[in-house]
Amino acid sequence: GAGVSQSPSNKVTEKGKDVELRCDPISGHTALYWYRQSLGQGLEFLIYFQGNSAPDKSGLPSDRFSAERTGGSVSTLTIQRTQQEDSAVYLCASSLRGACFFGPGTRLTVL
Amino acid sequence: GNSVTQMEGPVTLSEEAFLTINCTYTATGYPSLFWYVQYPGEGLQLLLKATKADDKGSNKGFEATYRKETTSFHLEKGSVQVSDSAVYFCALSDHRFGNEKLTFGTGTRLTIIP
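Line by line, the protein sequences are chains P and V. Each residue of the first sequence is one higher than the last, beginning at 21 in my numbering. Each residue of the second sequence is one higher than the last, beginning at -6 in my numbering.
Think of the hints as simulated: they come from the structure by calculation, not from any bench. Positions of the beta carbon are idealized from the N, C-alpha and C atoms, including for glycine. Among these hints, one or two may not hold up.
[Said to hold, decoys possible] Here are a few chain P residues that face chain V, going by a calculated C-beta distance under 7 Å:
#, residue
1, A51
2, G62
3, L63
4, Y68
5, P81
6, F85
7, A119
8, F122
Start from the sequences, fold in the hints, and give me the full structure.
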């Protein structure tokens, strides 16, 4: 079956622009996560959605970052007024009662 | 809060050598523990997991035992292959309050030379 998909796979943008990153989780998975992986760094938790519960936004680094999940399925991570330090690979994952399945990521480069 | 500390890399071994990558954790509850692997140019994928104390997770010749007394989940393989070259991440998931958020270690890059 289909895994987690993310789009775009690569995004190059100019400092100050807004970007939207999309995640399509595995069908039926109730939990969805966004993580960030910077060069030479580990995985940084950003936000977690579980069913209809309020999302855990504790990892969002600033108010420029926001995410939503529509209809319990597709999720969009939005970064407003991008900065160079936002450059990273943004990973989405979904799970159902257990381990996460990760998407291939979106590589964001802010010039 | 929860945290995961894993052995710093990079680690370079010869083919058929014995591998250990150390991982220790801090959690207030009873977490599940995981090892994820990221092969070059690929996404993260689950390697193995253990959900309670003394459980042993295993896959592809890799093993890790959930040790509550030492709060550890060390990854081992008896004879590594070139194809095992990858970055390995230890992680925990704390199920309290229904939140299964994964907390990751910083990753250990493993290179196996023929």
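### Query
Any hints this thing doesn't respect? Which numbers, in order?
Checked against the structure, the hints that fail are numbers 5 and 6, while the rest are satisfied.
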